[in-house]
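Engineer: This is what each chain is made of:
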Amino acid sequence: MAVVAAPIPHGGGVVVPTTEVTRSYRGLWSWITTVDHKRIGIMYGVAAGTFFLIGGLEALVVRLQLWVPNNTLVSASTFNAMFTMHATTMIFLAVMPLSVAFFNFIVPLQIGARDVAFPRLNAFSFWVFISGGILLNLSFVLGGAPDAGWFGYANLTSKQFSPGPGIDFWILGLQVLGISSVAGALNFLVTIINMRAPGMTYMRMPIFTWMSLITMILLVLAFPAITIGLVLLMFDRHFGTNFFEVAKGGDVILWQNLFWVFGHPEVYILILPAMGIVSEILPVFSRKPLFGYAVMVFSGMAIAFLAFGVWAHHMFAVGLGPLTDAIFSATTMLIAIPTGVKIFNWISTMWGGSIRYTTAMLYAVGFIAMFIIGGLSGVMHSSPPADLQQSDTYFVVAHIHYVLIGGSITALLGGIYYWFPKFSGRYLNETLGKWNFWTFFITINMTFMPMHWTGLLGMPRRVYTYAPELGVTTLNQISTVGAIGLAFSILLFVVNVFVSLRYSPKAVADPWDGATLEWSISSPPPIYNFAQVPVVHSRDAFWAMKYPDRTEHGDLPDGDGTGSPHAHLAPTGHTGQPAADLVEAKPTLIHMPAPSYFPFIVAMGLVIAGSGIVFTFALTPVGILIMMAGIFGWAFEPA
Amino acid sequence: MTQSPHPASTQQRRSRLRSPFVWLLIATVAFIAAGCNAYPQNIFEPKSEFAQTLDDLFKLILWAAAFVFVVVEGALVYAAIKHRARPGDPLPKQVHGNKYLEIAWTVLPAIVLGVILVPSTQAIFETQAPAPADSLKVRVIGHQFWWEFEYLDLGVRTANEIRMPIGRTLSLEETSADVIHSFWIPALGGKRDVVPGRTNFLWWTPRETGTFPGQCAELCGYSHANMRMRGIVQTQAEFDAWVEQQKAPAQVPPPNTDAAKGAELVQQRCASCHAIGGTAAQARVGPDLTHLASRTTIAAGVLDNTPENLKRWISDPSAIKPGALMPKLGLTDDELNQVVAYLSQLQ
Numbered sequence: 001m002a003v004v005a006a007p008i009p010h011g012g013g014v015v016v017p018t019t020e021v022t023r024s025y026r027g028l029w030s031w032i033t034t035v036d037h038k039r040i041g042i043m044y045g046v047a048a049g050t051f052f053l054i055g056g057l058e059a060l061v062v063r064l065q066l067w068v069p070n071n072t073l074v075s076a077s078t079f080n081a082m083f084t085m086h087a088t089t090m091i092f093l094a095v096m097p098l099s100v101a102f103f104n105f106i107v108p109l110q111i112g113a114r115d116v117a118f119p120r121l122n123a124f125s126f127w128v129f130i131s132g133g134i135l136l137n138l139s140f141v142l143g144g145a146p147d148a149g150w151f152g153y154a155n156l157t158s159k160q161f162s163p164g165p166g167i168d169f170w171i172l173g174l175q176v177l178g179i180s181s182v183a184g185a186l187n188f189l190v191t192i193i194n195m196r197a198p199g200m201t202y203m204r205m206p207i208f209t210w211m212s213l214i215t216m217i218l219l220v221l222a223f224p225a226i227t228i229g230l231v232l233l234m235f236d237r238h239f240g241t242n243f244f245e246v247a248k249g250g251d252v253i254l255w256q257n258l259f260w261v262f263g264h265p266e267v268y269i270l271i272l273p274a275m276g277i278v279s280e281i282l283p284v285f286s287r288k289p290l291f292g293y294a295v296m297v298f299s300g301m302a303i304a305f306l307a308f309g310v311w312a313h314h315m316f317a318v319g320l321g322p323l324t325d326a327i328f329s330a331t332t333m334l335i336a337i338p339t340g341v342k343i344f345n346w347i348s349t350m351w352g353g354s355i356r357y358t359t360a361m362l363y364a365v366g367f368i369a370m371f372i373i374g375g376l377s378g379v380m381h382s383s384p385p386a387d388l389q390q391s392d393t394y395f396v397v398a399h400i401h402y403v404l405i406g407g408s409i410t411a412l413l414g415g416i417y418y419w420f421p422k423f424s425g426r427y428l429n430e431t432l433g434k435w436n437f438w439t440f441f442i443t444i445n446m447t448f449m450p451m452h453w454t455g456l457l458g459m460p461r462r463v464y465t466y467a468p469e470l471g472v473t474t475l476n477q478i479s480t481v482g483a484i485g486l487a488f489s490i491l492l493f494v495v496n497v498f499v500s501l502r503y504s505p506k507a508v509a510d511p512w513d514g515a516t517l518e519w520s521i522s523s524p525p526p527i528y529n530f531a532q533v534p535v536v537h538s539r540d541a542f543w544a545m546k547y548p549d550r551t552e553h554g555d556l557p558d559g560d561g562t563g564s565p566h567a568h569l570a571p572t573g574h575t576g577q578p579a580a581d582l583v584e585a586k587p588t589l590i591h592m593p594a595p596s597y598f599p600f601i602v603a604m605g606l607v608i609a610g611s612g613i614v615f616t617f618a619l620t621p622v623g624i625l626i627m628m629a630g631i632f633g634w635a636f637e638p639a
Numbered sequence: 640m641t642q643s644p645h646p647a648s649t650q651q652r653r654s655r656l657r658s659p660f661v662w663l664l665i666a667t668v669a670f671i672a673a674g675c676n677a678y679p680q681n682i683f684e685p686k687s688e689f690a691q692t693l694d695d696l697f698k699l700i701l702w703a704a705a706f707v708f709v710v711v712e713g714a715l716v717y718a719a720i721k722h723r724a725r726p727g728d729p730l731p732k733q734v735h736g737n738k739y740l741e742i743a744w745t746v747l748p749a750i751v752l753g754v755i756l757v758p759s760t761q762a763i764f765e766t767q768a769p770a771p772a773d774s775l776k777v778r779v780i781g782h783q784f785w786w787e788f789e790y791l792d793l794g795v796r797t798a799n800e801i802r803m804p805i806g807r808t809l810s811l812e813e814t815s816a817d818v819i820h821s822f823w824i825p826a827l828g829g830k831r832d833v834v835p836g837r838t839n840f841l842w843w844t845p846r847e848t849g850t851f852p853g854q855c856a857e858l859c860g861y862s863h864a865n866m867r868m869r870g871i872v873q874t875q876a877e878f879d880a881w882v883e884q885q886k887a888p889a890q891v892p893p894p895n896t897d898a899a900k901g902a903e904l905v906q907q908r909c910a911s912c913h914a915i916g917g918t919a920a921q922a923r924v925g926p927d928l929t930h931l932a933s934r935t936t937i938a939a940g941v942l943d944n945t946p947e948n949l950k951r952w953i954s955d956p957s958a959i960k961p962g963a964l965m966p967k968l969g970l971t972d973d974e975l976n977q978v979v980a981y982l983s984q985l986q
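Quick mapping for you: the protein sequence lines, in order, are chains A and B. Counting from 1, position 529 in the first sequence corresponds to residue 529 in this note's numbering; the numbering is continuous, with no gaps. Counting from 1, position 92 in the second sequence corresponds to residue 731 in this note's numbering; the numbering is continuous, with no gaps.
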């Protein structure tokens, strides 16, 4: 299992000579059995991108139905399924796994590791995610998709009010994706805590790795709440319990509390990795270190901590009482402070810089511009009385899309442009990229800016139709045209990926003058990542290695910005060694974990067992048997 | 909540127009200026002191947000343009941070938020205080997909149209017969969820007569979009007259008319769900039909209350409201006409 560099060959492992880039795995089987974090990262990215396109098509159906009042393009039930699956897909199958793709590919490289701590568990996470996602989408052809909204409020989800299998698919999908997420989060927690390169203290960690670490903590702590909620719902629907059955003493608000205790941290799970990506892109293209690194780290922690104390702001209209509303309002406003600090620090990172506008940088700046809008509309509904006119209207729809598309997706696209050379060994085409960015930027504003007014003029969310008298037809049409334009922009991106993979020039190791360790190795990296594990002497480790003399222009080796001298650094920090310092004098062989198909088998067993809830519970023992067989195979497999 | 005078709106409007940059706000004003009936469900024209409190707070926050928006987006755009790379740029100064600046922009947002938090917290406790004892009490019961209103002290029960006299506090006790709904008439105030197994409260004092549309704001099933209602504010005299009318038993049609045949059919086919005062029909599954013809709309605010629409509705409810619980009765065209004739005279 060990993935650290060791010059001793080990039975069962793949032994890779450092002098040779080994690409011995080919074909479908190699992908199914891979435990390489980079390949798993690419699979996450491709899967998330595919689900993103599906979720986008669902959004287009929603927008087309709202083109005119009293439209009959789709039925009410189809419409409800579309917006439910759109949100569920975008959150759980697109944005989260796309972030996971970055965790997988980038984090081990940034910390100078050769893989994650538990490579087979990593593969398991992926196979659970992909099969859960596919099953959830199969609900469209297997009896009906979920249609009670992405937060599935009880008791609309009860057997009485939702008799079809849609809600069961939703329970299955979310439960399975939760297992995948928590397994992945534990894996990356251990990886980041234990496998950093020598000298990489916490306060020298790249900021993306920091935000990833914080995200992992949120994942581990937040998912149990929804897991419990989903178990209660499953028991109500299938085993006659009454947790949410009002007539029998159940309480429907219990669901809302459990859901939002998860749900609010979840939105930070979606945004913190994006913030990390932007915090990597801005310094590199401004040619300046990140402004206020320590404050950026601590504000990320503050956001994560506060995330668990604000959930009831989703419930201001529920009638929780004035004291509850007042407390949750105050904690919600508090979150604006660390978030604001981040925005100011990003702008200060650019300030005084020499900014190169690559597509990645455009996306990063676009992220800030739109995240400000989403943040401000967030503050606008942090006041419960004001929120009583906003909640459950299109104003909230505008807000969530400014933070999730304007925020998360924008940053993730920027991250793809930034790291694509590292992923694939090719550059994404910059001309297409700029077209992609500007069409994206214009169309998301065109789609979502009008929704602020649509909501304030009285249109609730989740309505399949509206009265012409509301006067919101024109606004809806602007949004719909914007959404079609947005689809065109995403199409440009997809074209760019395919064209660039084929025709772009081969990428060099360090195309952007990067600051972090992933740029010190070839693009794409060799299977073992680092021939020699780097030794880190300061923050922005790769800049420090490339430019040991940079002190003349600034104070880089001083590192932490506290003004303290760098006496604590190892003396080699200033000798000007190229690329990487050596931790081992003569590594000859690197032990890498062997491919394994057991994670795939365990994942299949788990999903078959879970799918009993939608098909027949007879499947459950079958799935458990497969899972147990897989676990035994896994346990006895030579590492 | 006491009724307080409001800041002179002319003064507000003048300063708004003077701000050259706040296009967001100007667009908002333009929307409203386009005519008060163009956007009947908007939140900007409060018609009760409750809605006014919310609107004042909203405007305060909107101005604070607009100020922050201009400053921060301005700084971003300035930095993005001013500091773009030019050929031959030297390496920029490698600044790592600035303690004082970072403290400043931690403290300043906190002050702005404090400015919002104080009046917001006051408004929370004001608007959620117990309603005045002499208020008019109405029980709101949410149903898939219609609203039931029961005037607790008046013995009046109606659906989808909530009438109230001007100047007297209306106090709602909300609960649900099935799933969660949310009661929302923007002109009269903010929404409050209607939750099965719980009683929620909402109250306001209307200060202008008129008809104000609202609708369910919490996803409650397929016809969530079709669960609409009207708040009708009347003078005390108009309201009293309406109450008298509503208290009366249902109109009995003259014998041997279509309406009389319709009355029989309704007793046979509709009485298992609907109540008609003064007859044997007393079920509470669907809306009370005693004074159906006195309402301005049918099908929870979706259709104007005309005989044609009534016929359309009864002949196939699910075609108008997907998921509606009212079944297709399979009446012949003659029977339909008779039922409509009867219902149309239930003034």
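Read the hints as simulated data drawn from the structure, not as lab findings. Among these hints, one or two may not hold up.
Unchecked claim - Lysine-lysine pairs mimicking DSS-like chemistry, simulated, CA-CA at most 27 Å apart: (1) B/K721 to B/K732; (2) B/K732 to A/K546; (3) B/K732 to A/K159; (4) A/K546 to A/K506; (5) A/K434 to B/K721.
Bear in mind the structure is a predicted one, so any value in this text is a computation, not a measurement.
Engineer: None of the hints should be skipped; say for each whether it holds.
Structural biologist: Hint-by-hint comparison with the structure:
1. B/K721 to B/K732: 15 Å, holds
2. B/K732 to A/K546: 17 Å, holds
3. B/K732 to A/K159: Measuring from Cα to Cα gives roughly 64 Å; hence the hint is violated.
4. A/K546 to A/K506: 22 Å, holds
5. A/K434 to B/K721: OK: A/K434 and B/K721 at ~20 Å, within 27 Å.
Of the numbered hints given earlier, the model fails hint 3 alone.
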